[in-house]
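Chemist: What follows is each chain in one-letter form.
There are 2 protein chains.
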Amino acid sequence: MASRAALFVARVQPSILARQTRPLLVKSLASRALSYRLAPLCVDSTRPQSVSKFIRPSIAQLYCCRFVSTSTPPEQIAPAVAKAEKLEITTSGISSAVPSNSFKRRIYRLFYYVSLIVGFGVTTVCTLVAAFFMYDATTYKELDDAEDVEVALLALDPVIGGPKNLPILESYLDDEECEAKKISSSKPRLVILGSGWGAVALLKNVNPNDYHITVISPRNHFLFTPMLPSATVGTLEFRSLVEPIRRIVATINGHYIEASAEKIEFNDRLIEVKQGLPDGSIRAFYVPYDKLVVAVGSQSNTHGVDGLEHCNFLKTIEDARLIREKVFRNLELACLPGTSEEERKRLLSFVVCGGGPTGVEFAAELYDFFNEDLCNTYPKLLRNLVSVHIVQSQGHILNTYDEKISEYAHERFKNDSIDVLTNARVKCVEADRVIFSQKNAEGVAENKELPYGLCLWSTGVTLCDITKDIAASFPQSQHNRRAIETDTHLRVLGAPLGEVYAIGDCSTVRTNITEHIFEFLKTYAMKANTTVEKFEITFQQWRDIATNIKRRFPQANEHLRRVDTLFTEFDEDHSGTLGFSELTALLKNIDSKMTSLPATAQRANQQGQYLGRKFTKLARAQETLAMDEIVNKDVDDLVYKPFVYHHLGSLAYVGNAAVFDFNGYSLVGGLVAVYLWRSVYFAQSVSFRTRALLFMDWLTRGLFGRDITPL
Amino acid sequence: MASRAALFVARVQPSILARQTRPLLVKSLASRALSYRLAPLCVDSTRPQSVSKFIRPSIAQLYCCRFVSTSTPPEQIAPAVAKAEKLEITTSGISSAVPSNSFKRRIYRLFYYVSLIVGFGVTTVCTLVAAFFMYDATTYKELDDAEDVEVALLALDPVIGGPKNLPILESYLDDEECEAKKISSSKPRLVILGSGWGAVALLKNVNPNDYHITVISPRNHFLFTPMLPSATVGTLEFRSLVEPIRRIVATINGHYIEASAEKIEFNDRLIEVKQGLPDGSIRAFYVPYDKLVVAVGSQSNTHGVDGLEHCNFLKTIEDARLIREKVFRNLELACLPGTSEEERKRLLSFVVCGGGPTGVEFAAELYDFFNEDLCNTYPKLLRNLVSVHIVQSQGHILNTYDEKISEYAHERFKNDSIDVLTNARVKCVEADRVIFSQKNAEGVAENKELPYGLCLWSTGVTLCDITKDIAASFPQSQHNRRAIETDTHLRVLGAPLGEVYAIGDCSTVRTNITEHIFEFLKTYAMKANTTVEKFEITFQQWRDIATNIKRRFPQANEHLRRVDTLFTEFDEDHSGTLGFSELTALLKNIDSKMTSLPATAQRANQQGQYLGRKFTKLARAQETLAMDEIVNKDVDDLVYKPFVYHHLGSLAYVGNAAVFDFNGYSLVGGLVAVYLWRSVYFAQSVSFRTRALLFMDWLTRGLFGRDITPL
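Residue numbers (our numbering), protein chains in the order written: chain S, 92 to 802; chain B, 92 to 802.
These are calculated hints, taken from the structure and not from any lab test.
Heads up, some of the hints might be wrong.
If chains are identical, the list can't say which one is meant, so a pair holds when it fits in one copy or spans any two.
Subject to a maximum C-alpha distance of 27 Å in a straight line, what follows is the list of computed DSS-like cross-link-like pairs (lysine-lysine) [claimed, not checked]: (1) K471 - K417; (2) K273 - K495; (3) K406 - K417; (4) K195 - K559; (5) K495 - K684; (6) K436 - K273; (7) K518 - K406; (8) K295 - K232; (9) K625 - K708; (10) K436 - K518; (11) K495 - K278; (12) K273 - K724; (13) K732 - K272; (14) K518 - K684; (15) K365 - K232; (16) K232 - K505; (17) K417 - K518.
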């Protein structure tokens with residue numbers, strides 16, 4: 092009971108006692124006790140007899156002790172006092188406690204608080220670990236006798252049919268295995284080709300109960316492409332950028348087929364799918380659809396340059412792995428005896444063709460790796476021989492970004508001795524050198540060459556085969572050679588209305604307003620009993636038309652802000668009305684100002700989200716529409732707004748620094764920007780799992796450096 | 092100053108006040124304050140005027156308040172009292188505080204402590220994360236202008252020489268880049284072939300300042316082989332089992348060459364090393380050595396069975412990756428339409444040939460994966476079609492373990508419906524089925540077959556090419572066809588003394604005591620002036636010889652415990668002495684009892700440690716030996732004890748359970764044993780880095796399940 096906090100003994104020198112009145116002393120002692128944060132005490136009286144053995148009798152004593160209860164006998168107080176703290180009251184005041192004790196106590200207190208904090212910390216961490224293990228123990232499953240699973244006969248033995256007499260996948264193995272899947276199997280079939288940004292955004296936004304969803308893709312994972320350059324040198328692990336598509340699909344009772352779509356039979360609403368078997372043969376079958384979304388992405392653009400078989404690309408995990416292997420193989424070869432100085436330099440020369448974000452970030456990551464990790468494990472000489480080059484056909488790297496950003500990146504790379512070659516056009520790639528022509532200061536092209544150990548080709552994207560095939564199916568409607576054209580509802584032009592959609596890199600939204608001029612004018616002309624060509628539009632009518640255009644082509648919004656100015660500007664004959672030719676000129680002018688959407692993850696993501704939400708809404712509206720007997724109409728337009736792209740900004744990593752371009756507001760900076768850059772991607776990461784893995788990777792890099800084993 | 096802990100107000104009913112004397116009430120209130128853990132207070136006096144507005148005037152009041160200082164004016168006390176806690180003293184005693192307040196207070200207190208604990212926890216975690224980021228920020232390096240590095244001319248332009256006129260790697264690129272490396276480059280050259288358990292144990296135990304160390308291995312990483320089966324189904328990541336050999340070598344100022352040793356020129360002390368170049372050509376060169384350690388390991392044993400090209404193996408990361416890919420490819424193929432029921436069953440039939448730890452653990456991991464993770468993402472039907480088979484030629488699986496363990500594993504697998512086929516000998520492996528003969532209950536062999544989707548071949552190990560070549564170099568001394576024979580000092584028999592060592596799977600320690608009988612008897616016979624064959628050994632002499640044997644062949648220790656019994660037993664003519672033939676019989680008997688060392692990580696590790704320590708000691712002793720003019724003697728024997736293998740036990744994972752065999756003490760059990768099994772390997776892991784990664788993997792598996800994307 093005699094805890095330190097409950098009790099203390101004051102030794103008061105007789106001279107002080109004489110000078111002060113007892114009540115005052117008692118009060119002071121109480122206040123003193125407070126300042127020591129001692130617990131409540133009750134000032135009582137002098138009781139020399141019970142504690143005499145602890146105190147020298149030459150000093151008059153005053154005891155302040157807490158009575159635990161009113162009946163505590165004096166013999167219990169004595170040992171309590173023995174353990175109590177002792178204060179000495181001298182002529183200089185009560186403040187001086189027994190010095191040695193005081194110092195000890197301070198040390199003790201420091202120690203006490205430090206150990207309290209450390210103890211709490213350790214306890215927290217241990218508790219977390221213990222909690223994890225307790226949870227973990229529940230994740231191991233003993234075998235419950237494998238339960239019977241209902242399987243539809245059609246899934247085991249599919250019907251043969253379609254133009255090529257192939258099995259038709261009407262029913263899936265797991266369609267009847269649980270209630271939720273049984274319900275969804277009666278819903279319209281939504282088939283998504285691809286497993287990239289667009290597909291995953293769609294999957295995450297569509298209501299799983301409204302459709303029977305199937306994803307067809309040869310790539311069984313979603314890849315977080317913006318961080319792929321970091322994976323090439325071991326800053327991040329491949330796994331942290333990847334989410335198995337089956338995991339995503341499982342959350343919405345969907346299905347996944349690891350195969351590639353080869354051809355689409357739009358009339359029969361069948362997708363011809365092919366899967367290579369291990370013995371080299373190919374199994375083909377049909378997957379039926381009610382709604383089809385093409386989100387197959389793109390492939391690297393060769394720009395017709397020869398020798399790209401010597402180059403590396405950077406679009407898939409496999410590409411990143413090949414780069415990683417090559418980087419480390421080159422390092423090892425450079426260490427071998429018999430490798431000449433020239434050869435060594437060539438092996439350690441890294442050439443990046445293309446100054447876009449991918450190329451720039453790869454160069455930056457590579458450079459950081461050489462700078463931060465190479466010397467720890469490889470001979471220092473190699474560090475001096477390494478060179479990184481960026482060959483850019485434009486005048487700047489990152490030329491789609493704000494100029495300020497582009498300049499910052501140049502400056503940064505100059506400091507980092509990354510060699511940026513602008514206005515340089517690659518002519519061909521040989522086995523060990525890149526041949527390119529570069530304009531000199533006078534604008535005259537000079538042929539140059541760069542020996543390389545690794546050459547990355549990242550100069551933009553082009554169509555995949557299936558995309559070409561789809562576009563070619565509708566020669567009447569599809570005119571763009573670079574992508575599948577869709578309307579602003581993302582429906583593939585030419586395909587049956589509301590059945591086929593295209594999103595992401597493989598598609599582009601056609602925004603040719605001029606094409607629709609007859610539609611806009613028809614009703615007005617009819618009312619005025621004249622032909623469209625002869626109709627004169629008043630300002631009021633032009634405003635209505637402009638509103639109509641804005642609704643149907645949201646991308647045109649910013650070019651239609653000043654309808655009055657436009658009207659005056661294009662009213663060439665100052666008649667106060669616009670003739671047909673004048674209106675055509677006006678609309679063409681707007682068309683020319685509208686740029687096509689960028690081939691970025693951001694766009695694909697937004698399009699996927701848009702479709703996901705629209706599909707959910709469409710399913711909801713189906714019943715109402717049926718009641719209202721609205722069929723064979725433009726249901727999409729009735730139910731949901733057209734797609735509009737909101738550019739949220741671009742960002743890039745430029746070697747222990749990062750650049751941001753938020754709709755014209757640019758931000759450039761060092762390490763803080765890098766952490767911000769990471770945060771943005773961390774937040775956008777596809778699942779909690781990948782976020783946890785990303786964090787672990789950063790932890791690993793921080794603690795142990797980058798990984799130097801290409802596995 | 093009016094903190095809750097410092098002050099309270101008691102409202103005493105007039106009736107109570109009348110019944111009790113004021114001093115007693117004051118004392119009781121003080122005690123009451125204590126029980127509420129309130130801070131020190133000084134009982135003063137009633138002061139109704141200062142607090143009257145807070146208390147109903149119908150109740151007589153008694154105020155207990157702490158005076159912050161003796162000079163606190165009453166007007167400061169009033170607000171303090173307002174915030175103070177209020178106690179109500181009723182006829183039932185002081186214990187009842189104002190009820191509503193009391194309940195609120197209890198809630199408040201609970202909330203307070205919970206938030207205190209949570210707050211501390213969150214603070215700790217946040218502090219750790221913040222601390223990490225602060226540390227992390229220091230790990231990014233801005234370019235310091237690449238410094239000049241000294242390089243020896245010999246490293247850039249090596250001398251040509253040796254039997255085949257190849258470049259000789261006398262000096263390395265990084266030999267002169269720092270003081271430590273400069274010093275070590277003048278030391279004896281220690282070259283280690285291989286990067287497995289033996290090599291790494293040696294590297295970790297040798298003193299880096301005593302040798303110029305080079306590791307030559309085509310595999311650039313150390314692989315933690317015992318956990319490899321866990322990596323096949325994503326329980327662990329490949330990376331967590333791997334430590335880059337360059338990282339280990341860097342810590343001891345050593346060198347690493349990623350190439351394979353093809354041939355050893357023992358006379359010139361040169362190793363012929365070959366490295367395949369990307370263009371398909373091969374670069375060959377010599378690496379000189381003063382001491383050579385062969386630790387190249389082994390390869391899978393085919394046992395002459397045909398068709399193993401269809402099988403998977405499990406010795407490297409690449410093997411594990413191939414298995415992982417095949418498992419998931421088979422699952423995907425099984426989902427496709429047009430796959431027949433029979434084909435589906437075949438694809439999901441996993442056959443493991445070999446019932447050793449690797450095979451058993453692989454089967455267990457595979458089974459766990461199917462049981463715990465498959466149904467989350469694949470159709471449940473597949474789970475019912477999966478089958479796992481172990482084909483074991485012996486009567487038990489895990490037959491090198493204690494019988495109890497073997498039985499437990501059988502029982503476990505029976506529960507888990509893993510099909511264990513004992514006494515079954517594989518005859519050949521076809522593209523889709525394993526043909527084997529199994530003895531039935533009558534002991535008659537029956538031919539059977541098992542269709543498979545994946546067949547793992549793990550039936551023991553055999554020699555690599557370089558090992559065969561080394562053994563063949565000393566036809567006089569090397570007689571074992573299964574490994575390089577060494578003496579008990581791990582020196583390769585036949586090679587120049589003290590120059591070539593062999594450890595790990597590729598080697599065996601020859602313990603043929605009988606062979607040395609002449610040596611043992613020579614001195615005795617000479618003393619007795621007779622020939623060895625005719626010499627009769629007394630018991631005393633036999634004891635001396637036994638001691639000598641024990642010293643030179645420590646593995647014979649346990650068979651030489653009862654020297655007297657042995658003497659009596661083999662003294663067939665009861666002459667009291669042993670003749671030459673009797674001694675030969677005795678030694679042969681001991682030889683027959685000694686088993687060869689197991690081909691395990693444990694043995695390789697111990698041999699590596701042994702050599703590391705011995706080499707350090709040898710380097711230290713060199714000077715002394717030179718002074719004593721001891722040259723061309725058995726220096727190893729003079730300086731260090733012979734190698735002795737201590738079996739520490741075996742362990743294996745058998746599917747959410749683990750078995751341990753500690754020198755006869757066996758331990759089997761469920762989840763707790765699994766955690767123990769993990770702890771053992773966690774502790775034995777090669778670096779802090781791999782430990783951290785292992786822990787993260789377990790965390791990931793616990794939180795998100797196994798990884799289902801083979802990358």
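Chemist: Up to 27 Å between alpha-carbons, please classify K495 paired with K278: within, between, both or neither.
Modeler: neither (52 Å within a copy, 56 Å between copies)
Chemist: My question is about K365 and K232: at a cut-off of 27 Å on alpha-carbon distance, are they close within one copy, between copies, both, or neither?
Modeler: Neither: 36 Å inside a copy, 49 Å across copies.
Chemist: Give the relationship of K406 and K417 under a CA distance limit of 27 Å: within one copy only, between copies only, both, or neither.
Modeler: For K406 and K417, both the intra-copy (16 Å) and inter-copy (24 Å) Cα distances are at most 27 Å.
Chemist: With identical chains, the pair K417 and K518 could be close in the same copy or across copies; at 27 Å between alpha carbons, which is it: within, between, both, or neither?
Modeler: within (23 Å within a copy, 41 Å between copies)
Chemist: For K518 and K406, with the copy left unspecified, which applies at a CA distance of at most 27 Å: within, between, both, or neither?
Modeler: For K518 and K406, the Cα distance is within 27 Å only inside one copy (22 Å; across copies 45 Å).
Chemist: Up to 27 Å between alpha-carbons, please classify K495 paired with K684: within, between, both or neither.
Modeler: Within one copy only: 23 Å inside, 81 Å across.
Chemist: Could you figure out if K232 and K505 sit no more than 27 Å apart (CA to CA) within one copy, between two copies, both or neither?
Modeler: between (57 Å within a copy, 16 Å between copies)
Chemist: With identical chains, the pair K518 and K684 could be close in the same copy or across copies; at 27 Å between alpha carbons, which is it: within, between, both, or neither?
Modeler: Answer is neither: 32 Å inside a copy and 75 Å across each miss the 27 Å cutoff.
Chemist: Is it within a copy, between copies, both, or neither that the alpha carbon of K625 lies no farther than 27 Å from that of K708?
Modeler: neither (41 Å within a copy, 106 Å between copies)
Chemist: 27 Å Cα cut-off: does K436 pair with K273 within a copy, between copies, both or neither?
Modeler: between (63 Å within a copy, 25 Å between copies)
Chemist: With identical chains, the pair K471 and K417 could be close in the same copy or across copies; at 27 Å between alpha carbons, which is it: within, between, both, or neither?
Modeler: within (19 Å within a copy, 41 Å between copies)
Chemist: Regarding K273 and K495, is the shortest C-alpha distance of 27 Å or less found within a copy, between copies, in both, or in neither?
Modeler: Classified as neither; 56 Å inside a copy, 48 Å across copies.
In this structure, the earlier hints numbered 2, 4, 8, 9, 11, 12, 13, 14, 15 are contradicted, and the remaining ones agree with it.
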